[in-house]
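Going line by line, the protein sequences match chains R and P. Counting in our numbering, the final residue of the first sequence is number 411, and the numbers go up one at a time with none missing. Counting in our numbering, the final residue of the second sequence is number 314, and the numbers go up one at a time with none missing.
One or more of the hints may lead you astray.
[What the hints assert, rightly or not] Here are some chain P residues pointing at chain R (derived, C-beta under 7 Å):
no., residue
1, P93
2, A273
3, G293
[As the list claims (entries may be wrong)] Simulated pairs of lysine-lysine, DSSO-like, Cα-Cα distance not exceeding 30 Å:
no., chain 1, residue 1, chain 2, residue 2
4, R, K262, R, K371
5, R, K266, P, K73
6, R, K266, R, K82
7, R, K282, P, K287
8, R, K262, R, K282
9, P, K287, R, K280
10, R, K292, R, K282
11, P, K310, R, K292
12, R, K295, P, K73
13, P, K287, R, K82
14, R, K82, R, K68
15, R, K201, R, K82
16, R, K266, R, K68
17, R, K275, R, K233
18, P, K310, R, K24
19, R, K275, P, K73
20, R, K275, R, K68
21, R, K262, R, K136
22, R, K68, R, K136
23, R, K282, R, K68
24, R, K275, R, K201
25, R, K201, R, K59
26, R, K366, R, K266
27, R, K262, R, K400
28, R, K275, R, K136
29, R, K25, P, K310
[What the hints assert, rightly or not] In silico negatives: residues of chain P with every beta carbon more than 12 Å from chain R:
no., residue
30, Q98
31, A236
32, Y281
Since the hints were derived computationally from the structure, they do not count as laboratory data. Glycine is no exception: its CB is placed at the ideal position from the N, C-alpha and C atoms.
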Amino acid sequence: MARIRPTQVADDGFWDEERPSRGKKAARYAAPVAVAGIAAATIGLVPALASTGDPNLPKISAQELISKMAASDAQQMSGSVKITTDLGIPSLPGGGSIADLGGAQGGDASAAPDAKLMELVSGSHTLRVATDGPDKQRVSIVENAAEYSLIHNGDEIWAYDSGSNSAYHATAPKGAKAKGDHRQELPKDLRDVTPQEIAKKVLASVDDTTDVTVDGTSRVAGRDAYDLLIKPKQGSDSTIGSVRIAVDADNGVPLKFTLSPKSGGKAVIDVGFTKVDFGKPKASTFAFTPPKGAKVTEEPTADRKHAQKDFGAKDFKDAQGALSGLNVVGKGWDSVARLDTPGGAAAPSGDSGPGAASGLLDGFGKEVKGKFGSGTVVSTRLVNALLTDDGKVFVGAVDKDALVKAANAAK
Amino acid sequence: MSRADEPKSADTGVPKTADTRPPGPTTDKRPTSPLWALALFRSELTTTLRRWRTLALLGVLALIPILIGVAVKIETSDGGGFGGGRGGGGEGPAFFPQITNNGIFLVFASLAATLPVFLPMVIGVITGDAIAGEAGSGTLRYLLVAPAGRTRLLLAKFTTSMAFCLIATLVVALSGLVTGALLFPLGDVTLISGITVSFEEALLRALGVAALVALSLVGIATVGLFISTLTNSGIAAMATTVGLVITAQILDTIPQLHAIHPYLFPHYWLSFADLLREPVYWDELVKNLGLQGLYVAVFGSAAWARFTAKDITA
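Let the hints inform the model, and build the full structure from the sequences given.
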């Protein structure tokens, strides 16, 4: 200690340490405040600046835009897709939602795609897609420190779940219908969540109950796009307010798809590219060999899976598609599907899980009465279902009154 | 374990110059070489690393990958896979199922396991002690006697903290790699996107992951340094810093507070896994680095404002 003596050191400007005045001391705190302020301003301003002005594109009619979409044949592309769904499916007290039910049933560490599909039904997800012709596709769901990938290469279909290190393998023979079951279509379902596929489906259903207009332009994933606005005609009972598709002005590829409910508020389904590249993806993108030690599930044949798939699809995902074989009342946007089930309000296709689910649905439903008798209406933001006490189920993207009307008419 | 108990490092140079020079202002003869700051940094780093406390903390960090490795080895020694009954992804510790098949995943698993608690705790202890500890044991004023200046001392302390982030991360990563190589097979690595890359490339990515984890910690390190300038009690500063880490992580799990989540420093910590995708998913990585940079800028300048204006009483 004795060697250390206080020495007086003079100032040298920046490194100045000598007893600054009180005011000077306070002034130093301006530095962190300024840094924080600049950061806050940047965070606030950059998105505002980035979205300045929609692109100026030559006028185009809705018909021309639709044919442009139809003619588009972008075979090679890759990019990131953000999918946000808010179906308004009631949450369970435990914090989960009914959508989790489907996932939980298939949760025995299998990488089969159906459980994954259910996950997409609620919340926000990032997908990365790559396509190289009809034989090579890849979709992966970006998860926290994990990824679920679905790879289609030639006649091989692989699914890999890095979270559980398990894989799922199926073969897709050229005549996909050969086996007579819908196994092969499963991966296609997951592929269907890209904006292109959804837009294709929507356009296929355009008829005289629909208004189609070109509604301005926008920028999606850094590309100029036309906005195609599809709306049910006035006086419709549909719960769907509008469907908006952003179509790439250059090559007619749909880049963004937004479905808004009539009740307003956040979009029910919002699927759009956040990044897109129309170059050829690397060949290695579509190569998959299951890692050593990974659990590989081969294409299953169990009925349990089968039932589960129907359950998931019916209720939440794609009511129209799954119910196509059933009674449909009304047309266009106002279609209501009728299912007749014997024995109370049990969900129609249930052998395993659905029983439990229908109990839950009753809890969330609302009693209604009409000429048809009485029943329970289960509402989401988009799809409403009426379960009558005598075992009929009416489902549609229409409001409650339309369901009751349909039920009365069916009486 | 304070500076007072240890032999004064020659690098600080104070005693010598003080002894050989006549008392009084020494402005003209003061060495102004840029190496000066480096010397101060070197002395800080060696002082920090020579403490038993630091060595013990690093030892604990090195032990964690060994524990994980041995546990996974025992669990799977009967030939079965890891965690057979687990559902889809997103639950359970990240990368655990892959460890048995490729030892390199032990590096990622250990980093993912230590990043939420152990690494920030160690950083909190080191940075919280950086200035408050010196003040508490009465050595801070001796340090300031050196003609280095407070700003330069703070810079040296800051650089030491940053270096320590890297050292702590590398200790975990290296211990994970060695344990993984000893207990499990190595070989071509299947990335989480399902794409297989060579072991060399995976090793490069592992290095990148370690660097990212170290960079993820600079935010909390700077916050710790700032807290350390607020108080004269080293323990208080450490406890506050570690408490802050835990609080931020709890806030990060409350869905109702999602509006503030992107501004919490631990929010993007696990994004290092995005480096293991093919192609690499940059969005969150960039966000993470930007956020850490923001914390460094705000709390670094706050620490500067506080420390240069502070009355040093001890």
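Now the hints, each set against the structure:
1. P93: 9 Å, violated
2. A273: 4 Å, holds
3. G293: Interface hint status for G293/P: violated (9 Å vs cutoff 7 Å).
4. K262/R <-> K371/R: It holds: about 27 Å lies between the C-alpha atoms, which stays within 30 Å.
5. K266/R <-> K73/P: 49 Å, violated
6. K266/R <-> K82/R: Given that 30 Å is the threshold and the Cα spacing comes to 15 Å, the pair holds.
7. K282/R <-> K287/P: 26 Å, holds
8. K262/R <-> K282/R: 43 Å, violated
9. K287/P <-> K280/R: 28 Å, holds
10. K292/R <-> K282/R: 24 Å, holds
11. K310/P <-> K292/R: Violated, because 60 Å separates the two Cα atoms, which is more than 30 Å.
12. K295/R <-> K73/P: Measuring from Cα to Cα gives roughly 18 Å; hence the hint holds.
13. K287/P <-> K82/R: Holds. K287/P to K82/R sits at ~17 Å (cutoff 30 Å).
14. K82/R <-> K68/R: At roughly 24 Å apart (the allowed maximum being 30 Å), K68/R and K82/R satisfy the hint.
15. K201/R <-> K82/R: 19 Å, holds
16. K266/R <-> K68/R: Measuring from Cα to Cα gives roughly 29 Å; hence the hint holds.
17. K275/R <-> K233/R: With a Cα-Cα distance of about 33 Å, the restraint between K275/R and K233/R is violated, given a limit of 30 Å.
18. K310/P <-> K24/R: Holds: K310/P and K24/R sit about 12 Å apart, inside 30 Å.
19. K275/R <-> K73/P: Answer violated: K275/R to K73/P is near 41 Å, above 30 Å.
20. K275/R <-> K68/R: Measuring from Cα to Cα gives roughly 21 Å; hence the hint holds.
21. K262/R <-> K136/R: Outside the cut-off at roughly 38 Å; violated.
22. K68/R <-> K136/R: Holds - the C-alpha atoms of K136/R and K68/R are around 24 Å apart, at most 30 Å.
23. K282/R <-> K68/R: 28 Å, holds
24. K275/R <-> K201/R: Distance ~23 Å between K275/R and K201/R Cα, so the pair holds.
25. K201/R <-> K59/R: With a Cα-Cα distance of about 25 Å, the restraint between K201/R and K59/R holds, given a limit of 30 Å.
26. K366/R <-> K266/R: 23 Å, holds
27. K262/R <-> K400/R: Between K262/R and K400/R the Cα gap is close to 13 Å, so the pair holds against 30 Å.
28. K275/R <-> K136/R: 20 Å, holds
29. K25/R <-> K310/P: 8 Å, holds
30. Q98: 5 Å, violated
31. A236: 21 Å, holds
32. Y281: Given a closest Cβ separation of 6 Å, the condition is violated.
Of the numbered hints stated above, those contradicted by the structure are hints 1, 3, 5, 8, 11, 17, 19, 21, 30 and 32, listed in ascending order.
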